[in-house]
Amino acid sequence: MNILVCFKVAPELDSLTPEEAKAIGEGCGDLRFAKLSWGVCDEAALECALRLRDELIAQKTPVTLAAATVGACPQRFFTELFAIGYDRVVQIPAEEDLSFAPRRIAFALSRLAQSGEGFDLVLAGQQSSPGENAQVPGLLASMLGIPYFGRTFDIACLKDGSVEVSSHADLGWTRVGARLPALCALENAAHPFLRMALLKNRLGASKKTCEQFEFSAAPPELKFEEPEVRLHYEHKRGNCRFLEAETPSEAAATLLSSIAREAML
Amino acid sequence: MNAAIVLSAHNSEAQARELLCAARSAGAQNIFIWAFHGAAGWTMHLPAQQVLSIRVTQPSFVDSLADALGRYYLKVRPELMLFYGDGWGNDLAVRFSHLCGGSLATNITGIRRFDGGVRVTRRAYGLHLVSELTFQRGPFLFSIDGDSFEKLPSAGVPGLMVETLPLQTPWRLRYELHPREQVEDLSGYPVVLIGGRGLGSKENAERLMRLGTLLGAGVGATRPAVFNGWFGLDRLVGASGERIQPKLCVVFGASGCAPLMLGIKKSGRIIAVNSDPNAQIFDACDEGVVGDCGEIIGEMLAKAERGEAPKAFLRI
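Line by line, the protein sequences are chains R and X.
Position in the first sequence (from 1) plus 914 gives the number in this note's numbering.
Position in the second sequence (from 1) plus 1026 gives the number in this note's numbering.
If we strip away everything but chain X, and leave its shape as in the complex, we get (with noise of 0.2 Å):
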């Protein structure tokens, strides 16, 4: 079977092993590599077939990207077509699929072939069960979840070349690219303090940061706490915000539903603080503490404060 993987500048090498794992998965024997907006040094490094260096002359938008795909589709004819579940990947892979009459699934977590067609696995019902989807008729075009998928590390020295896109976008009066300023990147930190509905107060989430800023944790915060304006939509952690992995995560105030477990299952440790015994989260958390966030937060500044409590740790 011929895979193709589709690549954004943004993707990194990590995540290109990831597809490459799926992809083989799937049973692919060879695997194109196609990267958009040129093709970084480590595609050629990768245990593909041939890597296609596809440099946009102007800021690519997914439905012109999803039209000049179709050109070099029909040079190989994929059976399979694999994207980052990222946006961009995400977007590409739905504009491209009504153009080619593929399969579609997005954020897959597994897959495998039999005969006859492709079976995926990816969640649903608000992350609380897994689908498992199966599809008979190709070409499949799916995007994977970040981290789902092993890394493939073999080498491999692919083929390369290099192609020039000039695309159109009529409709297009100007464009701004705002690259992101000062975000908070969780993932350095061994342990992240989790801010959560249950916080009750914007002065409490700000307590919080203190205490992450005095003891050198990360502060990250769930949906509900970001919409409420407590915290910045730079500190979301989970299914559409950052997922962390840290030593430790101590999770102030959230119910514990999927999406937010979504984004801190792979942490070394969770510890759980909220009020009520009966919450979902402490179904799902290594250590659980019940009492009033507000309190307990406010304790822990204090003594932090006044020195009682470990000093900064470095960032890994």
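Looking at chain R on its own, in the form it has when it is part of the complex (with noise of 0.2 Å):
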């Protein structure tokens, strides 16, 4: 079974200032020294893989594990990637930043997808940052011909070669069972966090490099318009008082009563 992650590296955005987010509003603020991690739900996606992987080898059936990104990427997530068992790293370029073109992306991605011998089973986080766009599953699967589950938080891969994929609902989760191909989009995962390389397994991936994959320009019919962004800072609500008290006990009294009369009211 051969099975595609698709996933992205992003900026830590939760430690941001609100000086700093004003900045970037403004066009002024710079990123590029922001601490970078995995898309939250990426990384669960990447996870899930490896899992499936795991499942797969003890039924004795191959499996290979290749994981895209396109743009930039720092080499030592790559390594991190073929250090925990990643057979293929696809870096696709992109010379600009594709923050808000998720169409741009999910073509991009269909390309890598239908090239060579194509993939089984595509995996991706439901959305990251900062575009927070939550479009790039649900439009590569269409551009796929693919099923496609959203927020998905669980994946079995059954011997019959089909999966079962557990997904939240609104109003409760579905577990389906599906023939392949199919896309899932990740979130809130069972395993939301990737494992760690063992150091041996990232020096010997040290010296591997990710290929790199170009592919054709989208033809016209597939040429979208990308709408105008413009980003702007919101004022949040500020002017915290802080609640006088000296020891633990005199700010559980504080906090106490405080809800008491909120109580009351």
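These are computed hints drawn from the structure, not numbers from a lab.
Be aware that one or more of the hints could be misleading.
30 Å max Cα-Cα, derived DSS-like pairs, lysine-lysine [unchecked claim]: (1) Lys-1329(X) / Lys-936(R); (2) Lys-949(R) / Lys-1228(X); (3) Lys-949(R) / Lys-1291(X); (4) Lys-936(R) / Lys-1292(X); (5) Lys-1073(R) / Lys-936(R).
Relying on the hints, combine the two individually framed chains into one complex.
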């Protein structure tokens, strides 16, 4: 079984200060020096593929794992993927920032997925920053013409070559048995964190390089309109009043009286 | 301008009225409601031109629904199509935009029409920024972010049409729907306690849960606390979890990142407890306490167990 995981490495935005966010909104911020990490949902997709590989090997089913990203990504992330067991790592170059161009990303990935032997199962994160578009997996499945499972949290490979996909639904969760090929977008997954590579595997992978995938531009019928994008910072409420408390006991008493006051109102 | 609002069985009347408000904000005059899985009775009081009640014959997947949606699209050719920004609505909007070649944005928080196009706003950059997207080529397909639009109050008497839709999903082998069990619904509590990564341990998370039970307060958690295994996923509050609006929200040990704030920003009052006086959350709360969360929760719990705390509140 050939499995492709689409991932993105993104700046960690949780620690962005209001001043930094404001500067980005005004077009003078710079995220080049921000700490980079796997996209939150993409990390779960990468780990899910490794777990599927372990299952398939136990079933004596041949499996290859590939990971692909569009745009810039530091070499250390590729090395990590090789070190934890990915057979292929592919980078699709992009000259510009595609944060708000999900269709172009999906199109590039669709070209890769259709190249060579193709893929039986494609995994991706449901969405990633900074665009937060939540469009790439669905568009990619549409472009590939394969079934799509959004908000997937677990996948099992069955011996008959099909998969069982568990997904969050608006009123609960679903488990669906499906023939392949299919695309699953992971969110709030059962195993959200990517495993760490062993040092010896990292050293072994340090000389491996990722493949570069080039493709011809979109044919005219696939030229999509991309919106004009403007960013701005929205002022949030401030004016926090610090409650006086010398000890944890005093703080606890203050908080409990606040809660009591609120309950009585 | 014609607009179509696409609903699923789990969408509520309030959500439908938000969608109607968004459609009117975009200047839609004729609004058609396409209710998959059948139209609920309340749809007949919505200010719309027509309600189409579509009964599907088997579990519906967005792939097959998107194909089916094309049939109704071709009849009316709406310039604007709106979906509610939950999992179903977002997925369907994405899939159908590819089929119809329309312009697409998910989870929009604002919309207005101008000569030659539509301008929408949505959150980006870890929800720190607002992005304004200008589209010129229709049809325009948008899903709306919950609680971002008013609920259009006016009543109407739309026409009703009923159709049955046979769906084809040849790739499907089995299907099981597991309804949500014992979901912790935080929406009914006047006071909600939120635990973040700064709780430091599962023991402190358990103490917070006990405290919540003694006080009659709801207990929610941030994403890092849930993924550390300290709380169940049904307690997740924030962009990818529940959005709450209690009278008082007390947040323990959370940095105050944008996804959490999106989930609690409609609270009447927010009190944050954090050991770092420079934590971001103090920029976004009403009152703050600087201190060790574990110790403060321990003290609160001890007082509550001794009966020195207010007794259980009634749920709203």
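Evaluated hints:
no. : hint                     : verdict
1   : Lys-1329(X) / Lys-936(R) : violated, 43 Å
2   : Lys-949(R) / Lys-1228(X) : holds, 28 Å
3   : Lys-949(R) / Lys-1291(X) : holds, 27 Å
4   : Lys-936(R) / Lys-1292(X) : holds, 22 Å
5   : Lys-1073(R) / Lys-936(R) : violated, 53 Å
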